[in-house]
Structure formats: structure tokens, C-alpha cells
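J.: Protein chains in written order, with our numbering: chain V, 280 to 670; chain L, 12 to 369.
Simulated from the structure, these hints should not be mistaken for lab results. Keep in mind that a hint or two might mislead.
As the list claims (entries may be wrong) - Below, a sample of chain V positions facing chain L; criterion: calculated Cβ distance under 7 Å:
(1) Val467
(2) Pro468
(3) Arg514
(4) Val612
(5) Leu620
Said to hold, decoys possible - Computed beta-carbon distance windows for the label pairs:
(6) Asp293/V / Arg166/L: 57 to 63 Å
(7) Pro355/L / Ala644/V: 55 to 61 Å
(8) Pro306/L / Leu666/V: 49 to 55 Å
(9) Pro281/L / Asp626/V: 53 to 59 Å
Using N, Cα and C, we set each Cβ at its ideal position, and we do this for glycine too.
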Amino acid sequence: MAYLDHAATTPMLDEALEAYVAVAREVGNASSLHAAGRRARRRVEESRERVAAALGARPSEVIFTGGGTESDNLAVKGVFWARRAARADRFRVVSSAVEHHAVLDAVDWLVEHEGAQAGWLPVDAAGRLDPARLRAELAEHGEHVAVVTAMWANNEVGTVQPVAELAAVAAEHGVPFHTDAIQAVGQVPVDFAASGVSALTVTGHKLGGPAGVGALLLGRDVAATPLLHGGGQERDVRSGTLDTAGIVAFAVAVESAVKGQQEYAARVAALRDELVERVRQAVPEVIFNGDPADRLPGNAHFSFPGCEGDALLLLLDAQGIACSTGSACSAGVAQPSHVLLAMGADDDRARSSLRFTLGHTSTDADVDALIAALPGAVERARRAAALRTPR
Amino acid sequence: MRVLAAMSGGVDSAVAAARAVEAGHDVTGVHLALARNPQTYRTGARGCCTLEDSRDARRAADVLGIPFYVWDMADRFHDDVVDDFVAEYAAGRTPNPCLRCNEKIKFAAVLDRAVALGFDAVVTGHHARLGADGLLRRSVDAAKDQSYVLAVLTRAQLDRSIFPLGYSTKAEVRAEAARRGLAVADKPDSHDICFIADGDTRGFLAERLGEAPGQVVDALTGAVVGSHSGAYQYTVGQRRGLHLDRPAPDGRPRYVLSITPTTNTVTVGPAEALEVSDVRATRPVWTGGPRPDGPVECDVQLRAHGDVVPAAVEVDADGLRASLRRPVRGVAAGQAIVAYRPDPAGDVVLGSATITAA
């Protein structure tokens with residue numbers, strides 16, 4: 280099998296898996312007062328320090344969560360609630376049109392259920408945000424803005440955003456800035472303090488850790504109202520028994536991914552460039568999406584004119600090649616990517632897109648397998664798409 | 012063969028897919044998303060295309076170990092089946108949407124896409140026999156037989172279709188599903204029209220066609236005997252719900268004899284006026300052999316689950332005409348007339364056409 284969907288999830292690193300299994304064999308609730316509890320607590324706190332050190336944060340700024348979606352929701356809703364509670368006229372949330380649904384839908388929910396107002400920042404044809412647009416937004420609405428949230432790197436087209444510049448603009452207006460860095464950590468340099476952001480989402484399973492565990496890095500001066508109430512764990516912001524084994528494995532994976540980032544990025548980007556070049560040769564009319572320079576090393580995203588992405592996916596899947604079309608609705612129907620649409624693509628181009636993402640286990644053989652299968656798949660998908668009734 | 016199994020989330024299509032796997036085919040499961048705004052749960056036994064059905068289909072595919080995808084056919088279904096259904100009623104006819112879905116979606120849009128993508132055939136859980144001789148026959152389970160709604164398929168469509176359930180009863184299919192560990196084994200059958208979840212066809216039509224008050228006229232006297240709020244709410248042969256202002260002079264019940272959209276009139280009359288012996292139909296297909304030159308003695312069925320009557324059928328490229336050997340009541344334009352040749356090995360579908368006049 281050629282697994283070209285590392286941005287969906289990537290295999291666990293050996294050292295993370297071993298750490299997980301070792302700790303999962305131990306008993307102990309990190310909130311218990313006895314020896315077993317203290318041992319679990321110590322593992323959690325050591326992990327907190329490792330995550331903090333790897334990402335340029337203080338240990339007290341690391342809040343362990345159940346993963347990326349929870350961290351995003353906590354950042355968006357939690358900071359919104361806290362800021363509005365402090366001052367009722369802070370009812371606006373500023374975000375970008377290309378966020379992951381964990382942010383997009385959280386913002387929409389605030390609009391629908393909490394009377395929030397949303398300000399959506401546009402992107403250019405490469406999917407890039409312009410800090411000047413944020414400056415204009417905050418100049419106009421700054422006093423009403425509760426929180427700004429913009430991703431570090433896009434999960435679909437791989438474009439890396441000018442996060443430090445955006446964070447600086449938000450800081451000028453004293454507005455907390457959250458970034459979803461799920462796709463960025465381990466792929467590009469990420470430093471919480473140096474970036475100037477107030478909150479940062481990271482998750483385990485995109486960087487070689489387990490699924491279902493992640494963190495929100497939350498500046499010590501940034502208040503967030505909890506989503507989950509209970510035992511008061513994690514600064515009283517995130518109640519729930521700590522997943523000691525998951526947290527240990529997550530920390531091991533974060534540390535490894537960050538330590539190896541440069542070497543990883545150089546190797547994977549070279550392989551990605553080869554993939555892009557060979558796809559272009561095999562299918563000359565292909566459109567390469569996203570920023571050509573400021574992009575994630577493992578991401579290659581294309582539109583195949585005249586094809587439907589879900590037909591291509593089916594055909595490649597039958598040849599043992601795993602890739603992604605973007606998102607599907609709850610019934611499993613492929614949707615045109617909101618990211619591509621925000622970048623100015625029309626519906627047909629958005630529906631014709633496929634994402635190939637490389638990771639730490641990717642090799643030349645994966646690229647060879649893709650190139651062997653792709654031309655035939657494109658030809659068939661074209662025939663299938665030609666049947667569509669024009670409307 | 013590389014085959015595509017259409018999986019609704021019900022027991023029939025799950026067992027059909029299982030049998031295709033067992034027959035040695037390379038099977039891929041596809042669930043058709045037909046509703047634009049799918050409901051989360053089935054309400055009662057009605058409808059399909061809910062998220063729960065999609066999940067059930069996926070679980071069945073998991074159990075069978077076959078790839079599974081969801082294909083979005085909602086727009087095609089809306090245009091070719093739902094809009095057509097409304098337009099047919101507006102034109103005073105009584106459509107059969109299941110038949111139209113087979114003709115336009117399952118064995119057209121889906122089959123064409125499958126063939127373009129490299130599949131050889133489509134497998135469905137319909138109850139009808141389609142053997143090596145290429146003839147479409149009634150299911151061994153007379154109560155579940157679906158040959159009537161498949162009779163619209165052309166030779167080319169039948170040649171790319173596999174119906175693995177035709178030689179089994181529904182009870183056998185359910186037992187087999189349980190034996191195979193398919194959780195849908197005891198899922199209730201779907202009934203009625205899948206896109207009218209609450210079963211209220213009149214309400215569905217009224218919402219789309221609006222109020223259109225008109226007169227109910229007695230065929231014998233020409234007198235106005237009542238009023239209606241939309242002629243589309245009536246079907247030929249209907250007796251209940253006429254709300255006539257005055258009883259017929261002969262004191263006998265009145266039935267809908269015809270609907271005239273141009274004057275928005277519903278014509279009623281006594282039962283015997285419903286009797287029809289001559290049926291004309293359009294858009295014929297003939298798959299039970301070469302198209303005959305002269306009249307053929309056969310059986311015809313004039314609505315889903317309706318009785319069969321002997322008839323002499325003549326067919327040409329444009330139409331079909333049937334002389335019924337005994338009169339039949341309540342023949343509605345828009346329904347299909349299906350011709351069968353009685354056969355001890357299962358009655359054979361000869362052909363079908365859409366009724367225009369009776």
C-alpha cells in the first residue's frame with residue numbers, strides 16, 4: 280500500500296508507541312494522592328515540561344486535551360466567553376475562510392447560539408492571509424473583537440501563514456490570537472513564545488503520537504472559560520482524568536518531531552518535489568494548488584481538470600493508494616473544498632482536487648506507485664465526469 | 012468481474028452484495044445519497060437515505076470486507092425522480108417513482124458512472140430473476156416481486172445488471188443475513204415513497220403545486236357535484252376523499268374516472284365506467300425477445316402489485332397497444348403496462364411502456 284495521507288494521520292513513532300505501552304501497563308490516576316497517583320502525576324508533569332521545551336512555552340502554559348478539535352473549541356469558545364464576560368461589547372470573532380472545521384464550526388456555533396459576530400478574513404489565490412486585512416479589520420472593529428483565530432498551516436493545500444505577523448497585529452490591538460498549528464508542528468519551526476501568539480493548538484496523531492490526545496498552549500495571562508466541568512484538572516480549564524499513557528506518548532512524539540524537524544523537512548520536501556514533478560509529467564494539465572514556496576514539506580495538492588476527486592480516490596484506492604479529497608459530510612458525501620473555494624476556485628475545480636501528503640515513513644516507492652496508477656485513473660475519472668449532465 | 016453493489020443500508024442489498032462476493036466477483040459497495048437534506052434517523056419503516064442507512068450500508072460493507080463509498084446522486088435524483096413525480100401529477104398522471112429511479116438513476120446515472128470507472132456490472136438487491144438467458148423473470152417470492160419496476164430497463168441495461176436475490180424468498184434473505192452476521196437482518200422493509208418520509212403524498216404535492224381549486228364533475232349528467240383544491244390530489248380509480256356535495260342520482264358510489272389538467276377538472280362516475288379494455292402506452296421497451304411484428308397473446312400488469320390480465324399486445328418503435336381480454340378498473344395514465352409471458356420457470360418480462368390513455 281502507498282499511504283499518501285499523512286496529513287489525515289501518520290503512523291506512530293516507535294519511541295512513542297513503546298512509551299505508551301509501558302505507561303499504559305501502570306496503574307495510577309494523576310489526581311490521586313498515593314504513590315501510584317504521584318507516579319502518574321510525575322509522568323504527566325515531565326511530559327508537560329518536554330512539550331513546553333519543544334514548543335517554546337512554559338510548562339504552566341501547556342493544557343492537555345483530548346486532541347485538536349477540543350483544543351480549537353476551547354481556544355475559540357473559551358477565550359470568546361472569557362473576554363465577553365469581562366466586557367459585554369466584545370462579541371466579534373475574527374477568523375479566516377480556510378480554517379479547519381474545528382475552528383469554522385466553533386465560530387459558526389458562537390454566531391448562531393451566543394450572539395457572536397464573525398469577521399472572516401479572505402485569502403489570496405495561494406490560500407495566504409494578508410496581515411494588512413487583519414490590521415484593517417481590527418482598526419474598524421478592534422474594541423469589539425474577543426479573539427482572532429488563524430491557522431499556522433492549512434491542512435488541505437499546505438499553505439503556511441505569516442503567523443508571527445498576524446499575531447503582532449493582534450497584539451497591537453490587545454486582542455488574543457489563537458493559531459491552529461496541528462499541521463505545522465514537526466513540519467516547520469514552531470515556537471510559541473517567539474511567534475507571539477496567545478494560544479496554540481497541537482495534536483498527537485499528526486506528528487507520530489496517539490490519536491485522542493493533544494494540547495492547547497495557552498498564555499498564562501489569557502483567560503479561557505472551560506468547555507468541560509468536573510475535577511478541575513489542567514488549570515481548572517479542562518476537567519477530566521488525565522490520560523497518562525497518551526500524554527507521555529504525545530510528549531515523546533512532540534519532542535522527536537521537533538528535534539528532527541529540519542532533517543525531516545529537507546528529506547520529505549525533496550520527495551514531495553519529486554512527486555509534484557512526476558505528477559506534472561504524467562498529467563500535464565494538472566493544477567498545483569497552494570503557495571509554491573511557503574508550504575508544508577509533505578503536502579502536494581492538485582486539481583485534475585475534467586475529473587471528480589471522489590472518482591479518482593476510488594480508482595487509486597483500488598490500486599492500493601491512499602489519498603484524500605478534502606472533507607466529506609456526515610453521510611460520507613464528498614464536498615467541494617471550502618479552502619479551494621475561498622482561494623477563488625470554481626466548484627468544478629474544487630471538486631476535482633486531490634491531496635497527497637507525505638510523512639516520516641514515505642519512500643520513493645510510494646511515489647512510484649502513485650505515478651504508475653495515476654494516468655489510468657485520470658483517464659477513467661474523466662470519462663465518468665463527462666457523463667454528468669451539464670446544469 | 013468487477014462489480015459495483017448499490018447498498019441502500021437495507022437487508023436485500025446487503026445480502027445481494029454478499030452473494031456477489033461469494034460468486035467470486037471483485038465487489039465495491041456504493042451507497043447512493045439521494046436526499047438533499049438527509050434525516051438522521053428513519054421514521055418508522057418509511058423512507059431511506061438517512062444517515063443511519065448510510066451507516067448501516069457501511070457496516071455491511073465492513074462485514075463483507077469490501078471497499079465502500081458514498082456517491083452523491085441527490086441533484087440527479089431530485090431532477091429526474093422528484094421533479095418528474097410532481098410534474099406527472101400536475102399533468103394529471105400517476106407516476107411510479109421507483110420505476111423512474113431504476114430507469115434514470117440506478118441503471119443509468121450510477122451504471123454509466125460505474126462502467127466509465129471500469130466496472131462491468133451493477134449488483135442490486137431487487138427481487139427479480141435475471142438468468143444466463145438474459146430474460147427478466149418474476150421473483151420466486153411473488154409478494155416481493157419487483158420485476159414490474161425493472162421492466163423499464165433496456166437490453167443494454169439488463170446486460171450490465173446482476174440481481175442475486177431473484178431465486179430466494181424474503182424470509183430466506185433475512186435468514187441468510189442473520190447467518191452472515193449482517194446487523195440489518197431484521198431491519199424493517201422500506202415502504203411507500205422514499206422521498207416522502209411522512210407518507211403524506213397529498214401534502215407533499217400541495218406544498219409544491221399550491222392550491223388550485225376546481226370542479227368535480229359527474230360523467231353521466233355533466234353536473235358539478237363538488238369541488239377540489241387541486242386536481243393533482245386525485246388518482247384514477249380513487250373513491251375515498253372525494254367530498255362530493257350531493258349524492259349521485261342513482262345513489263351509487265362515485266369513482267375518479269379521469270383528470271383533465273387543462274380545465275383543472277376531476278371527472279367522477281360509477282364503478283363500471285372505470286372499466287377499460289383498450290390501453291395505449293408510449294416509450295416502449297421490449298427485452299423478452301425480438302420485437303414482434305403482430306399481436307402477441309400474453310399477460311399484462313397495469314400497476315405495481317396489480318392483478319395480471321390476459322391481453323393481445325401490439326408494439327412498435329413508438330408505442331404499445333393492449334386489448335385486454337377482460338376489462339380492468341382503475342387504469343391510470345403514467346403507470347407502466349408490463350407484458351409477461353407465463354412460464355413455469357418464472358413469468359418472463361416481455362416488455363413495458365408508459366400508459367398514456369385507457
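J.: If a hint holds in the structure, say so; if it does not, say that too.
T.: Tested hints:
1. Val467: Hint on Val467/V: violated, closest Cβ of chain L at ~33 Å, above 7 Å.
2. Pro468: violated, 38 Å
3. Arg514: Result: violated, 36 Å to nearest chain L Cβ.
4. Val612: Holds. Min distance 4 Å.
5. Leu620: Result: violated, 17 Å to nearest chain L Cβ.
6. Asp293/V / Arg166/L: 57 to 63 Å: Check passed, 59 Å falls within 57 to 63 Å.
7. Pro355/L / Ala644/V: 55 to 61 Å: Because 59 Å falls inside the window, the suggested range holds.
8. Pro306/L / Leu666/V: 49 to 55 Å: Cβ of Pro306/L to Cβ of Leu666/V: about 39 Å, so the range 49 to 55 Å is violated.
9. Pro281/L / Asp626/V: 53 to 59 Å: holds, 57 Å
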